[in-house]
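K.L.:
Following the hints, complete the assembly by docking chain B onto the known chain A.
As given, the protein sequences belong to chains A and B, one line each in that order. Following the numbering used here, the residues of the first sequence are numbered contiguously, the last one being 216. Following the numbering used here, the residues of the second sequence are numbered contiguously, the last one being 771.
Rather than coming from a laboratory, the hints here were simulated on the basis of the structure. Given the structure is predicted, the values throughout are model-derived calculations rather than measurements. Any given hint could be a false lead.
Said to hold, decoys possible - Covered stretches of chain B, as calculated for chain A (at least 3 residues, CB under 8 Å):
hint	stretch
1	138–150
2	228–239
3	383–390
4	589–602
5	700–709
Ideal Cβ placement from N, Cα and C applies to all residues, glycine included.
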Amino acid sequence: GLFRAVTEQLDNITRAVGNSSKSYNCAKSLLMSDRLQIVVVLSEFFNKTWEEANCANCLKNSSEGLSNATIEFLDLFNKTLMCFEHNLQGQAISLVASNYTEVCRNCNVTYKKLNTLYTEMQRESEHGESEHSKHLCIDVEDAMNITRRLWSRTFNCSVPCSDTVPVIAVSSFILFLPVVFYLSSFLHSKQKKRILFLPKRFQSNASLVNIQEKYS
Amino acid sequence: MFMHLINFPFSSQFTHSSFLRIGQLSNVDLDDDADELETEVPHQFPNEIPHNEKLLSLKYESLDYDNSENQLFLEEERRINHAAFQTVEIKRWVICGMIGILTGLVACFIDIVVEKLAGLKYKVVKDNIDKFTEKGGLSFSLLLWATLNSSMVMVGSIIVAFIEPVAAGSGIPQIKCYLNGVKIPHVVRLKTLMVKVCGVILSVVGGLAVGKEGPMIHSGAVIAAGISQGRSTSLKRDFKIFEYFRRDTEKRDFVSAGAAAGVSAAFGAPVGGVLFSLEEGASFWNQFLTWRIFFASMISTFTLNSVLSVYHGNAWDLSNPGLINFGRFDNEKMEYTIQEIPIFIVMGVVGGILGAMFNALNYWLTMFRIRYIHRPCLQVVEAMLVAAVTAAVGFVMIYCSRDCQPLQGNAVAYPLQLFCADGEYNSMATAFFNTPEKSVVSLFHDPPGTYNPMTLGMFTLMYFFLACWTYGLTVSAGVFIPSLLIGAAWGRLFGISLSYLTGSIWADPGKYALMGAAAQLGGIVRMTLSLTVIMMEATSNVTYGFPIMLVLMTAKIVGDFFVEGLYDMHIQLQSVPFLHWEAPVTSHSLTAREVMSTPVTCLRRKEKVGTIVDILSDASSNHNGFPVVENETDTMQVAGLRGLILRSQLIVLLKHKVFVERANLSLVQRRLKLKDFRDAYPRFPPIQSIHVSQDERECMMDLTEFMNPSPYTVPQEASLPRVFKLFRALGLRHLVVVDNRNEVVGMVTRKDLARYRLGKEGLEELSLAQT
Numbered sequence: 001g002l003f004r005a006v007t008e009q010l011d012n013i014t015r016a017v018g019n020s021s022k023s024y025n026c027a028k029s030l031l032m033s034d035r036l037q038i039v040v041v042l043s044e045f046f047n048k049t050w051e052e053a054n055c056a057n058c059l060k061n062s063s064e065g066l067s068n069a070t071i072e073f074l075d076l077f078n079k080t081l082m083c084f085e086h087n088l089q090g091q092a093i094s095l096v097a098s099n100y101t102e103v104c105r106n107c108n109v110t111y112k113k114l115n116t117l118y119t120e121m122q123r124e125s126e127h128g129e130s131e132h133s134k135h136l137c138i139d140v141e142d143a144m145n146i147t148r149r150l151w152s153r154t155f156n157c158s159v160p161c162s163d164t165v166p167v168i169a170v171s172s173f174i175l176f177l178p179v180v181f182y183l184s185s186f187l188h189s190k191q192k193k194r195i196l197f198l199p200k201r202f203q204s205n206a207s208l209v210n211i212q213e214k215y216s
Numbered sequence: 001m002f003m004h005l006i007n008f009p010f011s012s013q014f015t016h017s018s019f020l021r022i023g024q025l026s027n028v029d030l031d032d033d034a035d036e037l038e039t040e041v042p043h044q045f046p047n048e049i050p051h052n053e054k055l056l057s058l059k060y061e062s063l064d065y066d067n068s069e070n071q072l073f074l075e076e077e078r079r080i081n082h083a084a085f086q087t088v089e090i091k092r093w094v095i096c097g098m099i100g101i102l103t104g105l106v107a108c109f110i111d112i113v114v115e116k117l118a119g120l121k122y123k124v125v126k127d128n129i130d131k132f133t134e135k136g137g138l139s140f141s142l143l144l145w146a147t148l149n150s151s152m153v154m155v156g157s158i159i160v161a162f163i164e165p166v167a168a169g170s171g172i173p174q175i176k177c178y179l180n181g182v183k184i185p186h187v188v189r190l191k192t193l194m195v196k197v198c199g200v201i202l203s204v205v206g207g208l209a210v211g212k213e214g215p216m217i218h219s220g221a222v223i224a225a226g227i228s229q230g231r232s233t234s235l236k237r238d239f240k241i242f243e244y245f246r247r248d249t250e251k252r253d254f255v256s257a258g259a260a261a262g263v264s265a266a267f268g269a270p271v272g273g274v275l276f277s278l279e280e281g282a283s284f285w286n287q288f289l290t291w292r293i294f295f296a297s298m299i300s301t302f303t304l305n306s307v308l309s310v311y312h313g314n315a316w317d318l319s320n321p322g323l324i325n326f327g328r329f330d331n332e333k334m335e336y337t338i339q340e341i342p343i344f345i346v347m348g349v350v351g352g353i354l355g356a357m358f359n360a361l362n363y364w365l366t367m368f369r370i371r372y373i374h375r376p377c378l379q380v381v382e383a384m385l386v387a388a389v390t391a392a393v394g395f396v397m398i399y400c401s402r403d404c405q406p407l408q409g410n411a412v413a414y415p416l417q418l419f420c421a422d423g424e425y426n427s428m429a430t431a432f433f434n435t436p437e438k439s440v441v442s443l444f445h446d447p448p449g450t451y452n453p454m455t456l457g458m459f460t461l462m463y464f465f466l467a468c469w470t471y472g473l474t475v476s477a478g479v480f481i482p483s484l485l486i487g488a489a490w491g492r493l494f495g496i497s498l499s500y501l502t503g504s505i506w507a508d509p510g511k512y513a514l515m516g517a518a519a520q521l522g523g524i525v526r527m528t529l530s531l532t533v534i535m536m537e538a539t540s541n542v543t544y545g546f547p548i549m550l551v552l553m554t555a556k557i558v559g560d561f562f563v564e565g566l567y568d569m570h571i572q573l574q575s576v577p578f579l580h581w582e583a584p585v586t587s588h589s590l591t592a593r594e595v596m597s598t599p600v601t602c603l604r605r606k607e608k609v610g611t612i613v614d615i616l617s618d619a620s621s622n623h624n625g626f627p628v629v630e631n632e633t634d635t636m637q638v639a640g641l642r643g644l645i646l647r648s649q650l651i652v653l654l655k656h657k658v659f660v661e662r663a664n665l666s667l668v669q670r671r672l673k674l675k676d677f678r679d680a681y682p683r684f685p686p687i688q689s690i691h692v693s694q695d696e697r698e699c700m701m702d703l704t705e706f707m708n709p710s711p712y713t714v715p716q717e718a719s720l721p722r723v724f725k726l727f728r729a730l731g732l733r734h735l736v737v738v739d740n741r742n743e744v745v746g747m748v749t750r751k752d753l754a755r756y757r758l759g760k761e762g763l764e765e766l767s768l769a770q771t
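For reference, chain A alone in the conformation it holds in the complex (with noise of 0.2 Å):
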């Protein structure tokens, strides 16, 4: 509301240049009164932070309101939110690692919700065409990097790592093969003989050259 408003001013001031020399004279004593140009270049910052922060993309089309994926985000994020509350009632969260395995447990179908809403959103916005609309609002983002480091960092929910000894069987398999081939290769294969061909020349008995004839 409020950017909206200071955009239309400083649109006020740079249109009211009509035909009349006076209003022209206006806009300019405003905008280009001394070297800072302080008005301007406040103007400029706040348009780069709307278009990079791409508060347009939370926005309804009609710039009137919050739009759908954007509400049912904040939803989610909210009932997050509260679960993670809920399943601490009574703890307090350290920045020491503790059992916080019911959290892990309890909010986990929440939590994927959130996670499976927001990839989607980023999927539907790679169809942008400029540069900043790849990327969601910041309000959105800022809230899901919250819910991120909480989940993976403080209460440390992410997967464990599993599976080693399958993995190193399978490669550790796969990484002998070569040394059999090699091997066997070695071990069967006939070696390539080549046959050597002793081409008629005019050979001169004294050497006055410095050859040396290598046969290996």
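P.N.:
Same frame as chain A, but now just chain B:
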């Protein structure tokens, strides 16, 4: 004495130099007269030896660059007027343009297909890994990845091993040999092009540690050789254009244009392409050729650029000048100061040493492969195993790496999360789970702190051994990109450790990655001028030219101290009679007499058909050029050299039955023209397919019109460097050695000259062998 020379009354004049056999095939009796000048062939000479690099193969012949200026050629030249010569010149330009366009299109095709197929493969594996990360059973993902790799490489290797073995490797050694003047069988055929293009696509998509840039050079050369002839012998279609260019001389010029266009399409470096052709084929260079080759290179990169821009959806963006795009190296962010030059030189030394290690390891591996793995099925199995092991190594590295980084925008196309926190991705996967070109670009341009030194170090080590193992397999694949990747990885490591040591962040690791890549590539392939310009153009920054040149020179000097460049090593291992730029320096005391092959099979000017057929059918020696000597009309005249005639010309004459008796009887409808020789080029029929009846064997053939009346000759006492220079600069195939009475004493061919080499302990002589 010499029993078979009893017909010649002047035989007493011949003493030790009478190794002249005219029309006779019996073995020369060597024991009598030439005692003081001949040594006995040592009996303990081993006849069969295992393969080594000190051999020359008999199967490689020279190309026929020297134009046979016989009477037919002179007549044709008299007929052609000035306007026709202009037309020929315009046709040359048109052909060069077409070479550029087609090479660009082939490069586009390879790039697009690789991108699509590789994307598909990575998506399948990534989905599988993501699915199995939680549920467990990641070993299935490993098996899936290994199987996908193996199957694609199996197909790629089968087509190379069974259909066209000459398409194996990167193709640069074969083109180097072709421009040097060696006729490598099948190297510029259409079938080779097909196999090469499909092979390189399958190798790259199959995840091998290879690049697709080297094979572009070979492809460009084949396209050039094909277009310039105006017909396809494989498809049996003759378009009846460009008939003037159906000669080895013209074909060679176009092949150098094709190679340049290939380099230009591969790296986006047109001037680098021209210099590459110049470096390889400098002996026959002329200024017009430079201009035409530059034209072909420019057209090639422009075609590639526009087609790829249209494909990516932003037409006329023109930001993909080559298959590999090193990205923009801005001066502000990545400048270097004069204090960094010594550091770059140190990196050059490291690159030289590592390159020498790479080459030495590859040498032993290739020797093992030639000796023991020579059956095609074994070669295919080996390629499959390498592909599987590459996948396994990559997977294990990714699995064991605990390095997680948050994703930076769309930097990685297929990020693998594996066991990282949500929102973060495994950074070893960005190195291994990507096509090598993208990894190189990200190593150059990612901001400092993106890579963990431990990850980079492990990656460099593993990739070095994988790349060394992979080069030399029976697949179409290049070695440029793997070397760049290895060098970029340790260069970046160098930069990171440098900024760690000095405590500040002033050393941008991307710059060191570039220098490391140049050092490693220079240490492996040892190309100097062309590589400097290629890297300068690929980074589109001329200021980097100076440090890159220093780095490459240092790497070459250090590397040459230990072992040769990779391509030269493989040329030697294939026993190709390659002639270097100059004769070995200590060889002035060798004369033409010691170098030449003798005795020489000569023909008389009017020779019996039966004699000619017998000489050509002789299986014990495969001569291709025969000096033509004068018929003995009276006893006082010496049989001086009158000309030189080639086997191919004799075969055409026999096929058209150009006999003296038939001309007399006006049985011949028309006279033979130069067009008949050009039509038979390049696949002349073997002598076994020419049938000559018993009566025809008694006819005479007059060689005067068809022989080259002015062959290049050299006196017996000429030194080896002199003979070498004449042979190499003119691109000869046969050089006749005459004595002071213009009699043929011997013949110098490529194999006679190429056997002298400067080895580690001095001048050494290579033996010839049947391979």
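K.L.:
Each of the hints needs a verdict: does it hold here or not?
P.N.:
Quick rundown of the hints versus the structure:
By the rule of at least three residues with a Cβ nearer than 8 Å to a Cβ of chain A, the coverage given for the stretch 138–150 of chain B holds, with 5 such residues. Restraint check on the stretch 228–239 of chain B versus chain A: 0 residues with Cβ-Cβ distances below 8 Å, three needed, restraint violated. Coverage of a stretch by a chain is defined here by at least three residues with a beta carbon nearer than 8 Å to that chain's beta carbons; for the stretch 383–390 of chain B and chain A the count is 4, and the condition holds. Interface restraint, the stretch 589–602 of chain B with chain A: holds (8 residues with C-beta to C-beta distance below 8 Å; minimum three).
With a threshold of 8 Å between beta carbons, the proposed coverage of the stretch 700–709 of chain B by chain A is violated, since 0 of its residues qualify and at least three are required.
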